[in-house]
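*Asks:* Letter by letter, the chains look like this.
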Amino acid sequence: MLDTLLPILIFVALALAAIGAWRRIRLWRQGRPSPVPFFRGLAAVPRRYLVDLHHVVARDKVMSNTHVATAGGFVLAAVLMILVHGLNLAEGVLGWPLLAASAVMFGGSLFVMRRRRNPPARLSRGPWMRLPWSLMAFSLGVLLATLPTVGILPQDAGSWVLAATLTLLVAWGIAELFLGMTWGGPMKHAFAGALHLAFHRRPERFSSRSGGEGRSTGLKALDLDDEQAPLGVQTPSDFTWNQLLGFDACVQCGRCEAVCPAFAAGQPLNPKKLIQDMVVGMAGGTDAGYHGSPYPDRPIGEHRGDPQGPIVAQAGQTLVDADTLWSCTTCRACVEECPMMIEHVDAIVDMRRFLTLEQGSTPNKGAEVIDNLIATDNPGGFDPGSRMHWAADLDLSLMRDVGQAEVLLWLGDGVFDMRNQRTLRALIKVLRAARVDFAVLGDEERDSGDVARRLGDEATFQSLAKRNIATLSQYRFQRIVTCDPHSFHVLRNEYGELGGHYTVSHHSTYIAELYDAGRLQFTSWKRGTVTYHDPCYLGRYNGEYEAPRHVLKALGIDVAEMTRSGHRSRCCGGGGAAAITDIPGKQRIPDMRMNDVRETGADLVAVGCPQCTAMLEGVVDSPADVRDIAEFAADALVVESSSDAVPPTVSDNASSSQEVVS
Amino acid sequence: MPHELTKPASLTVAVLLSVGRHPVTGRARRADQDARGLELALSLSAARIELVHAGPFDDACEASMRGYLGMSSGYTETGADSVTLVEQPSQADVLPALSHALSESLAPQLVIAGERTEQGEGSGMLPYQLSESLGWPIVGGIVAVEAVDEGVATLLQALPRGQRRRLSVRLPAIITVNATATSPRQSAFGPARRGTLAVVEQPAVHDEAQDEWHVEPARKRPKRLKIVKSTSARERFKAAAAKSDGGGGQVLTDVTPDEGAAAIHKLLKEEGVLR
Numbered sequence: 001m002l003d004t005l006l007p008i009l010i011f012v013a014l015a016l017a018a019i020g021a022w023r024r025i026r027l028w029r030q031g032r033p034s035p036v037p038f039f040r041g042l043a044a045v046p047r048r049y050l051v052d053l054h055h056v057v058a059r060d061k062v063m064s065n066t067h068v069a070t071a072g073g074f075v076l077a078a079v080l081m082i083l084v085h086g087l088n089l090a091e092g093v094l095g096w097p098l099l100a101a102s103a104v105m106f107g108g109s110l111f112v113m114r115r116r117r118n119p120p121a122r123l124s125r126g127p128w129m130r131l132p133w134s135l136m137a138f139s140l141g142v143l144l145a146t147l148p149t150v151g152i153l154p155q156d157a158g159s160w161v162l163a164a165t166l167t168l169l170v171a172w173g174i175a176e177l178f179l180g181m182t183w184g185g186p187m188k189h190a191f192a193g194a195l196h197l198a199f200h201r202r203p204e205r206f207s208s209r210s211g212g213e214g215r216s217t218g219l220k221a222l223d224l225d226d227e228q229a230p231l232g233v234q235t236p237s238d239f240t241w242n243q244l245l246g247f248d249a250c251v252q253c254g255r256c257e258a259v260c261p262a263f264a265a266g267q268p269l270n271p272k273k274l275i276q277d278m279v280v281g282m283a284g285g286t287d288a289g290y291h292g293s294p295y296p297d298r299p300i301g302e303h304r305g306d307p308q309g310p311i312v313a314q315a316g317q318t319l320v321d322a323d324t325l326w327s328c329t330t331c332r333a334c335v336e337e338c339p340m341m342i343e344h345v346d347a348i349v350d351m352r353r354f355l356t357l358e359q360g361s362t363p364n365k366g367a368e369v370i371d372n373l374i375a376t377d378n379p380g381g382f383d384p385g386s387r388m389h390w391a392a393d394l395d396l397s398l399m400r401d402v403g404q405a406e407v408l409l410w411l412g413d414g415v416f417d418m419r420n421q422r423t424l425r426a427l428i429k430v431l432r433a434a435r436v437d438f439a440v441l442g443d444e445e446r447d448s449g450d451v452a453r454r455l456g457d458e459a460t461f462q463s464l465a466k467r468n469i470a471t472l473s474q475y476r477f478q479r480i481v482t483c484d485p486h487s488f489h490v491l492r493n494e495y496g497e498l499g500g501h502y503t504v505s506h507h508s509t510y511i512a513e514l515y516d517a518g519r520l521q522f523t524s525w526k527r528g529t530v531t532y533h534d535p536c537y538l539g540r541y542n543g544e545y546e547a548p549r550h551v552l553k554a555l556g557i558d559v560a561e562m563t564r565s566g567h568r569s570r571c572c573g574g575g576g577a578a579a580i581t582d583i584p585g586k587q588r589i590p591d592m593r594m595n596d597v598r599e600t601g602a603d604l605v606a607v608g609c610p611q612c613t614a615m616l617e618g619v620v621d622s623p624a625d626v627r628d629i630a631e632f633a634a635d636a637l638v639v640e641s642s643s644d645a646v647p648p649t650v651s652d653n654a655s656s657s658q659e660v661v662s
Numbered sequence: 001m002p003h004e005l006t007k008p009a010s011l012t013v014a015v016l017l018s019v020g021r022h023p024v025t026g027r028a029r030r031a032d033q034d035a036r037g038l039e040l041a042l043s044l045s046a047a048r049i050e051l052v053h054a055g056p057f058d059d060a061c062e063a064s065m066r067g068y069l070g071m072s073s074g075y076t077e078t079g080a081d082s083v084t085l086v087e088q089p090s091q092a093d094v095l096p097a098l099s100h101a102l103s104e105s106l107a108p109q110l111v112i113a114g115e116r117t118e119q120g121e122g123s124g125m126l127p128y129q130l131s132e133s134l135g136w137p138i139v140g141g142i143v144a145v146e147a148v149d150e151g152v153a154t155l156l157q158a159l160p161r162g163q164r165r166r167l168s169v170r171l172p173a174i175i176t177v178n179a180t181a182t183s184p185r186q187s188a189f190g191p192a193r194r195g196t197l198a199v200v201e202q203p204a205v206h207d208e209a210q211d212e213w214h215v216e217p218a219r220k221r222p223k224r225l226k227i228v229k230s231t232s233a234r235e236r237f238k239a240a241a242a243k244s245d246g247g248g249g250q251v252l253t254d255v256t257p258d259e260g261a262a263a264i265h266k267l268l269k270e271e272g273v274l275r
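Taken in order, these protein sequences are the chains called A and B.
Under UniProt numbering, the first residue of the first sequence carries the number 1, and numbering increases by one thereafter.
Under UniProt numbering, the first residue of the second sequence carries the number 1, and numbering increases by one thereafter.
Be aware that a few hints might be false.
What the hints assert, rightly or not - If the Cβ cut is set under 7 Å, some of the chain A residues that face chain B in the computed set are:
1. Q359
2. A405
3. E406
4. V407
As the list claims (entries may be wrong) - Which chain A residues stay away from chain B? Per the calculated CB distances, all over 10 Å, these:
5. G41
6. R59
7. A221
8. F382
9. D393
10. R435
11. D596
12. V619
Claimed, not checked - Below 20 Å or equal to it, Euclidean Cα-Cα: the simulated EDC-like pairs (lysine to aspartate or glutamate) are:
13. K365(A) - E208(B)
14. K220(A) - D383(A)
15. K365(A) - E39(B)
16. K466(A) - D226(A)
17. K220(B) - D383(A)
18. K466(A) - D59(B)
19. K223(B) - D383(A)
No wet-lab data here; the hints were simulated from the structure.
Where is the CB? At the ideal position from N, CA and C, for every residue including glycine.
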């Protein structure tokens, strides 16, 4: 009886799955066009899956092995089952590997079951709770149905009752695993996920065999010259089709939720829920079918949307609240953790763009900051002619005067901030001690456009960027050094699309290089314990985790690492203009970060970002002082003699320079 | 006209817009007070909005007008997405051209203007001269138009120290917006780019008075430093929260115009304005 039923079952399921796939693809195709290399993309899937995706999954060893057993077993078992039971091909030979594959899968599903017994809060429940049972039904059903095939049991073993039970078991498994893949269900992640890997909007983020870095973090530019092109994303169908595909790939593992600083602070954002809301919007309906953690303090079931309706409605029921989008600090912790390679930050900025550029509804101080950037080229509304007031006594060489230098020191908007001025002075002391030939743009420098872009104001970003690029093109320099990771990221990764290509170094990288080249000598550190806070825009955005630690080590500091450091560093709360939009939560993100510091028992936090400095120094009852890497280096400098330390180009200003280096 | 006002969009409001100037960098922008005027106009439901600017049509003008147009998101059906630009050379007296455009082609019932421009003469006289030339009443320092009914507008006027006075004025009328009126909404790039500038030609009248003027940048005056005498945070807070020392002054209600004028005359003498 099984011989008749199984082929029917398999081919009906495959046909239904194909119909489901077609419907699913039609949902994705509602999005805007985005050209992809079709065959090259498909060909890249195995590598992207086995190397890049597995690299993320493998951070949790148990889950990684579970997935390898379950998914690997399933793929093999499914293919062999179609051959053996569907087409009755080489039953005697292929039956054995089928047996083995289903056994491995069964083993994996036991671990899935164990995990589902007491699942952590980040995991979704609902249909996901039945998944281990479905996996078991499939693997066990196939395993038992194959026993007679390979001759372990006689062909007519058992009664028709047993055969019927077995058929039901296999049918259940096939329904979940084949139909669920394309009709929606926990297994949808496999179908959408594989295609998402193939047609990812950022193919350059995957590693390549030739050893590519595999990092792509710069936001994509809007085409502002085309007046018909939409400004950002208003409705789910305004996303590109492969972004929609990416949302559909979400496996609801909640790793993003577990690392999101805004979620932890009780702000109304949960990256997982946001992605699921995008799926709801793409298919139309309400979020009532979502079974994970909600946005903090926003009950489930109140949001609804459809593909052509606005995501953030100005009245009535909305798919996503504007607060949710403005809570994001763009720290990329979610993207870093996502095993499905979903680009949450891109989606959030796309939606912010619409709110700012079309609706003009940037919250709180956002609008004021944008106005300031337009009128004064800096977010604080300061006189652009007062940019160099902080350095009145430093006699810095201006690019306007010297025309070329080895290093262009990009100062950033920290020039207006008294705290950051101390960092800048320290950095200049270090550069002078190493006799670096450097110059600054002075009043010709403008805001890099980072804040404007994260606020969704692409127009102001591009205006600032283009003017900065025009200024930079007048001068010759080998590289740009900056102590602001936000400027660093924008100059390095986001100006390229607008025609500005530069070698950019963060000051910690540059100080490390100077030290390694023997151009700096440090006395060793004697006071207290030090921990290091990785800025998001230096670490996750640009992969620079080592240089700051190298500098600290050169000073003789043994860094007491926080639990969340390196690529898992927790945001200070100041990125993505979140400090400007200031969405209320239950606690403040910098307070949480300072608690991380407290756990290490450190008296000092080393930072490498003006924004992190400001956020962490704003913590009341702080257990530790905040110091920039440049300040650490400047304090420990060994200067051979003051007169030698005066840069060769400056002769008549020895006294002021001495004051700086002494 | 009164029975017409019951129909939607039967009220036409003209908002006079000037080219603003950022106080720090001098870049062209939407002028803050005129933007408040536009914000006031947008708060009027079912009103047709005519945006009007008279002056030279140059880059600064376009940048500034687009700043106002950027406020029209969601209000395109009111007409806030188009500026009527009465083009005038820079040396012209815009009053006759503006007056003609308002009375002949736009025909608003309510004209909203800021109290003074951010550059140029900035005398704040234009609304008054317009009132004189059109023969319409003018009310200054308005923070809200509460209702328009039967050809009569109910206005809320700002008085010192946060006091408000409710006034009724028969339309057509001119109002100027107080600096404490609702601050203008954000100007968005999309609607600013899509908005239209409809250039209207008007004969120019040369402003002869201006020829005799000599214009130079204002001199920086020395500022008196604020000396903080308090020693504790509590005292500083009290000082910051204290009401300014006014003390004097009186509110005159229900007095005859003669009595009122006499009171003002007496005050001006006391203050040494009149001798």
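*Asks:* What are the numbers of the hints the structure violates, in ascending order?
*Replies:* Of the numbered hints given earlier, those the structure breaks are 2, 3, 4, 8, 13 and 14, listed in rising order.
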